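So the sequences go chain by chain: A and B. Per numbering that gives the first Met the number 0, the very first residue in the first sequence carries number 0; after that it's consecutive. Per numbering that gives the first Met the number 0, the very first residue in the second sequence carries number 0; after that it's consecutive.
Treat each hint with caution, since some may be false.
Remember, identical chains collapse to one label, so a pair may be satisfied in a single copy or spanning two.
Computed list of lysine-lysine pairs in DSSO-like fashion (alpha-carbon distance at most 30 Å, straight line) [said to hold, decoys possible]:
| id | residue 1 | residue 2 |
| --- | --- | --- |
| 1 | 164 | 307 |
| 2 | 279 | 160 |
| 3 | 108 | 13 |
| 4 | 274 | 108 |
| 5 | 304 | 174 |
| 6 | 111 | 235 |
| 7 | 340 | 164 |
| 8 | 13 | 274 |
| 9 | 304 | 160 |
| 10 | 13 | 307 |
| 11 | 120 | 131 |
| 12 | 227 | 297 |
| 13 | 333 | 164 |
| 14 | 108 | 297 |
| 15 | 227 | 13 |
| 16 | 182 | 235 |
| 17 | 108 | 227 |
No lab work stands behind these hints: they were computed from the structure. Predicted model only: the values in this text are computed from it and were never measured.
Number of protein chains: 2
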Amino acid sequence: MAELQNDLFLRACKRLPVERTPIWVMRQAGRYLPEYRAVRQKYDFLTMCKTPELVAEVTLQPIDLIGVDAAIIFSDILVIPEAMGMHLEMHEGRGPVFPHPIRNEGDAKNLKKIDPTVDLKYVLDAVALTKKELNQRVPLIGFSGSPWTLLAYMVEGQGSKNFAKVKHLIYNNPKLAHSLLEKIADAAGAYLCAKIEAGADAVQIFDTWGGLLSQDDFEEFSLQYISKIISQVKGKDVPVIMFAKGVHYHLETLAASGADVLGLDWTMNIGDVRKNVGDKVALQGNLDPTVLYAGHEKIRDEAGKILKSFGKGSGHIFNLGHGILPDVPPENLKALVDFVKAESGRYH
Amino acid sequence: MAELQNDLFLRACKRLPVERTPIWVMRQAGRYLPEYRAVRQKYDFLTMCKTPELVAEVTLQPIDLIGVDAAIIFSDILVIPEAMGMHLEMHEGRGPVFPHPIRNEGDAKNLKKIDPTVDLKYVLDAVALTKKELNQRVPLIGFSGSPWTLLAYMVEGQGSKNFAKVKHLIYNNPKLAHSLLEKIADAAGAYLCAKIEAGADAVQIFDTWGGLLSQDDFEEFSLQYISKIISQVKGKDVPVIMFAKGVHYHLETLAASGADVLGLDWTMNIGDVRKNVGDKVALQGNLDPTVLYAGHEKIRDEAGKILKSFGKGSGHIFNLGHGILPDVPPENLKALVDFVKAESGRYH
Numbered sequence: 000m001a002e003l004q005n006d007l008f009l010r011a012c013k014r015l016p017v018e019r020t021p022i023w024v025m026r027q028a029g030r031y032l033p034e035y036r037a038v039r040q041k042y043d044f045l046t047m048c049k050t051p052e053l054v055a056e057v058t059l060q061p062i063d064l065i066g067v068d069a070a071i072i073f074s075d076i077l078v079i080p081e082a083m084g085m086h087l088e089m090h091e092g093r094g095p096v097f098p099h100p101i102r103n104e105g106d107a108k109n110l111k112k113i114d115p116t117v118d119l120k121y122v123l124d125a126v127a128l129t130k131k132e133l134n135q136r137v138p139l140i141g142f143s144g145s146p147w148t149l150l151a152y153m154v155e156g157q158g159s160k161n162f163a164k165v166k167h168l169i170y171n172n173p174k175l176a177h178s179l180l181e182k183i184a185d186a187a188g189a190y191l192c193a194k195i196e197a198g199a200d201a202v203q204i205f206d207t208w209g210g211l212l213s214q215d216d217f218e219e220f221s222l223q224y225i226s227k228i229i230s231q232v233k234g235k236d237v238p239v240i241m242f243a244k245g246v247h248y249h250l251e252t253l254a255a256s257g258a259d260v261l262g263l264d265w266t267m268n269i270g271d272v273r274k275n276v277g278d279k280v281a282l283q284g285n286l287d288p289t290v291l292y293a294g295h296e297k298i299r300d301e302a303g304k305i306l307k308s309f310g311k312g313s314g315h316i317f318n319l320g321h322g323i324l325p326d327v328p329p330e331n332l333k334a335l336v337d338f339v340k341a342e343s344g345r346y347h
Numbered sequence: 000m001a002e003l004q005n006d007l008f009l010r011a012c013k014r015l016p017v018e019r020t021p022i023w024v025m026r027q028a029g030r031y032l033p034e035y036r037a038v039r040q041k042y043d044f045l046t047m048c049k050t051p052e053l054v055a056e057v058t059l060q061p062i063d064l065i066g067v068d069a070a071i072i073f074s075d076i077l078v079i080p081e082a083m084g085m086h087l088e089m090h091e092g093r094g095p096v097f098p099h100p101i102r103n104e105g106d107a108k109n110l111k112k113i114d115p116t117v118d119l120k121y122v123l124d125a126v127a128l129t130k131k132e133l134n135q136r137v138p139l140i141g142f143s144g145s146p147w148t149l150l151a152y153m154v155e156g157q158g159s160k161n162f163a164k165v166k167h168l169i170y171n172n173p174k175l176a177h178s179l180l181e182k183i184a185d186a187a188g189a190y191l192c193a194k195i196e197a198g199a200d201a202v203q204i205f206d207t208w209g210g211l212l213s214q215d216d217f218e219e220f221s222l223q224y225i226s227k228i229i230s231q232v233k234g235k236d237v238p239v240i241m242f243a244k245g246v247h248y249h250l251e252t253l254a255a256s257g258a259d260v261l262g263l264d265w266t267m268n269i270g271d272v273r274k275n276v277g278d279k280v281a282l283q284g285n286l287d288p289t290v291l292y293a294g295h296e297k298i299r300d301e302a303g304k305i306l307k308s309f310g311k312g313s314g315h316i317f318n319l320g321h322g323i324l325p326d327v328p329p330e331n332l333k334a335l336v337d338f339v340k341a342e343s344g345r346y347h
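Bound-form chain A, shown alone:
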């Protein structure tokens, strides 16, 4: 296979020298793009996830339209519980719903152990096809939810404000919680390995709901399962990015977890984090996603502050501090990407 034409992202993950700071953004293949909405209008969300041609089409859109330095496969973290046997519905406006959530041992028993090469073959096919269509222009990122974040959805059945039901579970039946987390970690680890086999050049683990846990609970119910997945994936020798939103308190532990890159939300000061852990990992982030509602001058000002805060040297992958919001004008993201490309050279 030909060499990657743009490997800035992969080099930055390994903290190798780069000519400029690479940039991609979470949810870059998504609703803010009219071209994405045009596809989405014709197919429901899960059909899109399960149709490799459609996945490849929308995954490539931000590469062509915005010019980001990495692609991330279009999918959803909830494909794992669905493969484990949970019926998943996507409700317009309300988001994903499991009508039969996991609440007790009986529900848990019905979850099957998955073989990703069979049960999630459609994702692997999509990765392979997307990789081919990318034609080595930029690297392709695969991803998974963390076991804790997946468990939270599986128990709540949907998004939640206080996550009362999964908290109920961990406090009143920790044994069941741990056996579920173990099962999910096995599935997620195997899934990420299979994605790498299928062509992913890097993987990201999203712990979207890690920040809902106290520090002790995070260690017990999230971190140990994340570490387990990372150990499993590390053998595949591609960079692992760990993004635990709101987990401001465990950055040093996360930096020692074996991940190559830590994703930071926008409440962190990337320069301070670099001082604390930047000799262990690369850092990804961390512009407030709502800054993309601002005018281009303000966007450039804020992006410039982040480049400056990180400072000179490699190990920075520019990104937002969370997913791009669906009502952001695409030209504002384009302005951000163009700015980072033009401006970051001076730091290298």
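With the hints as your guide, set chain B onto chain A.
Frame of chain A, contents of chain B only:
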């Protein structure tokens, strides 16, 4: 007037010696209590807020039923924007709504400058009546939302996931945002001073949405207005508690803001925070509110960890890391309060 029978809370606020750690919990006068729901069934929320007899009744309930060491006046942070002229509706299940939010200069012009002794007289009457009915058993806390948190509601018109509209405002029309924040800070400062005049023994400022801001934005759009209120209130010589949920990064700045007490959410390690800032302020918190879904043994274990983490000496007010959730069994809160009362003596 007779002396306070239980002044543990006030002494802990000033880091003076206490025999045991005092405890109260945010939203302790609220829906988790059947006795509160019985009142609420007969009156709508705003009628309750505006009827001093009802305010006194529900404010006293957790003192009588649970035995907490401080009362906090039953009210809502949105009474300030309502007094400024915004029509406020309380929707069952959906929370408070301003049907005519502030979006531009024209909307802003309609906000009137308030005199709390006239426009919020009903709160002051409620404070005075509650103080009388408390009969010096425990201190009474008054509160206000921070200017940023109030602005967020006034611009969004309701709770929000991403607070896109208020972020739009601060990034695209910072001048208008600052003039609104100034106006709100003036109102909130005057309001807290009037509450103290009416009998409040301490005040708490809630910056519920401060954690949505990046560090620079927090300084620009929240902190400076909080500091302004604190300076104004400090002349009244009662303790000021500052609770900025999710603002993990600015604890040292907040500790230097003139507040006597910092409230901590449950993602902080109270022992670590004490090491960093505990010579400047007392600390309030910080049990994960969802721990009250657990059995009594687990509740005691987790509360014990927090007492131990803070360690020996005064300057700790036990509380939850956020408001008590409406579906918590009252006996679980009682178990927490009894435990803290029985167990904390050894740390003093």
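Given identical chains, is residue 164 near residue 307, meaning Cα to Cα at most 30 Å, within a copy, between copies, both, or neither?
Between copies only: 28 Å across, 42 Å inside.
Is it within, between, both or neither when you check residue 13 against residue 274 at 30 Å Cα-Cα?
Within one copy only: 17 Å inside a chain, 35 Å across chains, cut-off 30 Å.
Intra- versus inter-subunit Cα pairing at 30 Å for residue 108 with residue 297:
between (52 Å within a copy, 26 Å between copies)
Homo-oligomer pair classification [residue 160, residue 279; C-alpha up to 30 Å]
Answer is neither; intra-copy 34 Å and inter-copy 33 Å both fail.
Within a copy, between copies, both or neither: where do residue 13 and residue 307 come within 30 Å Cα-Cα?
Answer is within; shortest intra-copy Cα gap is 20 Å, inter-copy 41 Å.
At most 30 Å between alpha carbons: which applies to residue 333 and residue 164, within, between, both or neither?
between (40 Å within a copy, 21 Å between copies)
At most 30 Å between alpha carbons: which applies to residue 182 and residue 235, within, between, both or neither?
Answer is within: at 21 Å inside a copy they meet the 30 Å cutoff, but 58 Å across does not.
Using 30 Å as the alpha carbon limit, work out where residue 340 and residue 164 are close: within a copy, between copies, both or neither.
between (44 Å within a copy, 29 Å between copies)
Taking 30 Å as the upper bound on the Cα-Cα distance, should residue 108 and residue 13 be classified as within, between, both, or neither?
Neither: 41 Å inside a copy, 54 Å across copies.
Under a CA distance limit of 30 Å, which applies to residue 120 and residue 131: within one copy, between copies, both, or neither?
Within one copy only: 16 Å inside, 70 Å across.
Alpha-carbon proximity between residue 304 and residue 160, which holds within one copy, between copies, both or neither at 30 Å:
between (32 Å within a copy, 25 Å between copies)
When Cα atoms must be at most 30 Å apart, do residue 111 and residue 235 count as within-copy, between-copy, both, or neither?
Result: close within a single copy only, 25 Å intra versus 64 Å inter.
When each numbered hint is compared with the structure, violations occur for hints 2, 3 and 4.
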